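Using the sequences and the hints given, assemble the complete structure.
Just so we're aligned: 226 in this note's numbering is position 226 of the sequence shown, and the numbers increase by one with no gaps anywhere.
There may be inaccurate statements among the hints.
As the list claims (entries may be wrong) - The list that follows gives simulated cross-link-like pairs (lysine-lysine, DSS-like), each with its CA atoms no further than 27 Å apart:
(1) 54 / 67
(2) 333 / 404
(3) 100 / 153
Read the hints as simulated data drawn from the structure, not as lab findings.
A quick note: this is a predicted structure, and the numbers were derived from the prediction, not measured.
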Amino acid sequence: MSSFFVRNARALATAGGAGVAAASAWYYGNQIVDARVGGARKMYPPSADFPDLKKHNNIMASNLTPKIYAKLRDKATPAGYTLDQCIQTGVDNPGHPFIKTVGMVAGDEESYEVFADLFDAVIDERHGGYGPDDKHPTDLDWTKIRGGNFDDKYVLSSRVRTGRSIRGLSLPPACTRAERREVERVVSDALANLAGEFEGKYYPLGNMTEDEQQQLIDDHFLFDKPVSPLLTCAGMARDWPDARGIWHNSQKNFLVWVNEEDHTRVISMEKGGNMARVFQRFCSGLKQVEKQINDKGWEFMWNEHLGYVLTCPSNLGTGLRAGVHVKIPRVSKDPRFENILKVLRLQKRGTGGVDTAAVGGTFDISNADRLGKSEVQLVQIVIDGVDLLVRMEKELERGRSIDKLIPKGDTRGL
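Here is the structure:
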């Protein structure tokens, strides 16, 4: 039986002690409802429903064929999430001026299985070659990291973030209000039990004082209601700000966002260039959060193939983005800069986020990959790559050539 059945058996038992028998009756009754919906839709052939993607430039549009659509259109996950709901954001948003967006989301953990014919192709393209039988490695042993303490003159801040989803509850594009509130309850209860350097406080977005709100704004911790059509068309902004919130520890260097784009976003960060310390805190804190959630009878969505399961296929695997704000005005002016980053498996953006310009030669540099490599591997890639960029910057400051430092390698998949 699916995790959908498990969660509803748990919900019924909690609410009224109904147990598995009542949950079973509810589950199979729900399947009949789904079948009726599917039957009504079959009045029209899939060819009549196939979306117009002629002018689209996203990964979903590149891989969705009439044949795949015909096969999947009338299927649904146990929770009732359909293919059309998965792809709606990609249908409504034809393209992006700078990057080829994914164009689809998952509504629950089962989406990746029920609609595998499309998701597998999208995942393969987005992650530069990742087959349906590939297995993803997970490694949160921070002691394996080499180096990672950069010169603060060049590296202004360091950050590692990931996402985690609670198994048995629908993801943000599809969750009901009750499910979203259950995510908040499960996560905030777990965070309340953290101790030591991870002791902190949870701030619900819809129930905070003006002083608390201003402080979170001043700390740059507060996240806003999604306005990007990529997110709103996927259903991310429904019922805002119900059951959304921010938690941080007393030192303000370990944060958890609740019910933003994913069930949770876990962030470790600090000023300066000590990426190794940031990753150590990230691993230790994340393990403690998971233990508290497990102790309450819940668990994160994870499997051997996809690693940690998140809303967007781009974040599958580790869900990890390790980034630094690094000041490299000379290197960034070199005509080879873009290719250097590709070879190093790094990506850049302005310090204000996606689509923002760099100011004063300062960039947000992070790992390009998420899936197929472990957390340790990805953080090490960032450390080694940023170390090389800083060495290049120092050579250019001295008026020397960086020709011998230019890396060579494969840029496929970027």
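For each hint, the structure was consulted:
Taking the CA atoms of residue 54 and residue 67, the gap is near 16 Å; set against the 27 Å cutoff, the hint holds. About 17 Å separates the Cα atoms of residue 333 and residue 404, which keeps this hinted pair within 27 Å; it holds. Taking the CA atoms of residue 100 and residue 153, the gap is near 34 Å; set against the 27 Å cutoff, the hint is violated.
The structure is inconsistent with hint 3 alone, although it conforms to all the rest.
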